[in-house]
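A.B. asks: Work the whole structure out from these sequences, hints included.
Chains as they are written, first to last, in the numbering used here: chain A, 7 to 337; chain B, 7 to 337.
Keep in mind that the hints were calculated from the coordinates and are not lab data.
Some hints could be false.
Where chains are identical, the list cannot tell them apart; a pair therefore holds if satisfied intra-copy or between any two copies.
[Stated by the list, open to error] Pairs of lysine-lysine residues, derived as BS3-like cross-links and limited to a Cα-Cα distance of at most 25 Å, are as follows:
hint	residue 1	residue 2
1	LYS154	LYS228
2	LYS154	LYS329
3	LYS309	LYS250
4	LYS53	LYS309
5	LYS41	LYS166
6	LYS176	LYS208
7	LYS166	LYS228
8	LYS309	LYS154
2 protein chains.
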Amino acid sequence: MTRKALISSAVALCLAAVAGVSSAGEPVDPISPAKEINLAQAELGKKLYFDPRLSRSGFISCNSCHNLSMGGTDNLKTSIGHNWQQGPINAPTVLNSSLNVAQFWDGRAADLKEQAGGPIANPGEMAFTHTLAVDVLQSIPGYVIEFKQVFDTDEIDIDKVTAAIAEFEKTLVTPNSRFDLWLLGDTTAISEQERSGYQLFKDSGCVACHNGSALGGTSFQKMGVVKPYVTDNPAEGLSAVTGKDADRFKFKVPTLRNVTLTYPYFHDGEAQTLTEAVEIMGRLQLGREFSDVENAKIVAFLKTLTGDQPAFALPILPPSSDKTVPPTPFE
Amino acid sequence: MTRKALISSAVALCLAAVAGVSSAGEPVDPISPAKEINLAQAELGKKLYFDPRLSRSGFISCNSCHNLSMGGTDNLKTSIGHNWQQGPINAPTVLNSSLNVAQFWDGRAADLKEQAGGPIANPGEMAFTHTLAVDVLQSIPGYVIEFKQVFDTDEIDIDKVTAAIAEFEKTLVTPNSRFDLWLLGDTTAISEQERSGYQLFKDSGCVACHNGSALGGTSFQKMGVVKPYVTDNPAEGLSAVTGKDADRFKFKVPTLRNVTLTYPYFHDGEAQTLTEAVEIMGRLQLGREFSDVENAKIVAFLKTLTGDQPAFALPILPPSSDKTVPPTPFE
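C.D. replies: Written as structure tokens, this is what we have:
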């Protein structure tokens, strides 16, 4: 199959796949506001998300690497973990992550709840254990009360901790981007250049993978379809989960929602700008060299995808008690 | 002079000093809500306070060690700096820090504005330079606009950066503690045990140093007045600033406001609980061994000093541009 035929068939396949959920005949849907949220559980999860006591050091929280002030990322190539360890991969945004088919770049967690437990116990990230994290929470009277209110139990466990964090993360959707307003019928919401960037985004095949309401997050694709992607990053992607050689270098397609905020780009964080990312994606995934004008059009479109950012009061955490085992950042 | 006479004269001196500002005849005043705030400047300062791009790593912000979710501290003995360096001293709370006579434990910064520049350029903390931090801000269009709005200038400089952070920090006062409500006339706001703890706090001499609206922050006192304080921490206190041998081991008296939230205690963070801190203070500063009942009374009083915590929406930071030099956490 030629490159062009390969791409065309991929586009056709994906367009067909999303046809049932398209908005106004488009392969992209507006982001829906959060629905069916257990509010008390999400409020508890918000505190846990910001609580560095879930880490061994008492210094790293979920929000450290998925910073909600910064597009749900840390804006670093790869993250900083316990004892300043360099992380193996770019921290994906938590924004709209409830729309992902699976979590992590390699999809090794089925859902947000399963994901939330990962970094806590990862020696290179928060470097704690689920048991110790739960022990800390159980020693904090404010948490004991709140878990009781939410889960009707005196026993905190990691299952409830991650359920609460996941419920909070479900609220982190970003509706009302200018592009969504346009999709919803406001013809003045985006400019002519932005609209033509969207058209080019569709016509050239970007939308084959970046579709659905998150413009991504729904499939795993090889990084380097037409030409190989050269990187020092050792991550192997989906094959690390499936064990299949055919899945090597397949990564979950990242969402393009809020992409202006989620730099740097790709699983290795090696593309610092959208211009660079669009150029590389065109060349390696689509076999197409965008002109400067074309690249600028697509970038202009991508900049319309910034939606409502999280809007809530900074959570105030319940203090530790005399029984709480203090963190050990330097041991 | 005997111990007792020494303490009595210190108490008399301090009571006299604060007599002019006492509330309802008490040596402690209620915290006043923030007044005369330049709101636009404080809003800009709030963003800067939460922005890790003021650090070399892009990972550490003011809020990392003076975490407003946790009483304006990091709740660690000593803080974690760039490259996981262990800080030399316990991070004091930023809450009510505008009431301090000077900033840092040794008072080396005259005010909040002067303080704010310190950690940015400290190689053991944010490890950046003022020039590089300003260059980063100048490359971020959202900041350029906001500095223009606030300071009517196209040129960002460190003076304006620290002025904005200081203005935000002036808003971080914590009125409406139960103790303040009692001071203001609500006789039901504190319990009989808490009131008798306050009486003991006054009668035994704690109030000699912990007075004024912040219950501290107004003077430098020797750590270990009656008996020496034994610590591995090498900090020398005020003498590092004045060069006077008489100022060795004199530290700024910490505020007791929100002390339930600001554990661990002392400049070396070696006291993990209030019970422990009260015991040590009594023995070393006042030459007094509190009984368990007395200690519990004072602790009960101290727990009434938690005021309104910061209440504002999590700031959303303006994104970097293609011109922003990315942070270098691992170089």
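A.B. asks: Now, for every hint given, state plainly whether the structure supports it.
C.D. replies: A quick look at each hint next to the structure:
For the identical chains of this complex, LYS154 and LYS228 are neighbours neither inside a copy (45 Å) nor across copies (45 Å), given an alpha-carbon limit of 25 Å. In this homomeric assembly, LYS154 and LYS329 come within 25 Å of each other (Cα to Cα) only inside a single copy, at 19 Å, whereas the closest approach across copies is 50 Å. Proximity of LYS309 to LYS250 under the C-alpha cut-off of 25 Å is found in neither arrangement, the shortest distances being 36 Å within a copy and 59 Å between copies. Taking CA atoms no more than 25 Å apart as the test, LYS53 paired with LYS309 passes between copies only; the shortest distance there is 22 Å, against 31 Å inside one copy.
Only within a single protomer do LYS41 and LYS166 lie at most 25 Å apart by alpha-carbon distance; the minimum there is 20 Å, versus 43 Å between protomers. With identical chains, the CA atoms of LYS176 and LYS208 are never at most 25 Å apart, being 28 Å at best within one copy and 51 Å at best between copies. For the homomeric pair LYS166 and LYS228, neither the shortest alpha-carbon distance inside one copy (35 Å) nor that between copies (48 Å) is at most 25 Å. For a Cα distance limit of 25 Å, the shortest separation of LYS309 from LYS154 across copies, 24 Å, qualifies, whereas the shortest one inside one copy, 43 Å, does not.
Consistency note: the structure conflicts with the earlier hints numbered 1, 3, 6 and 7.
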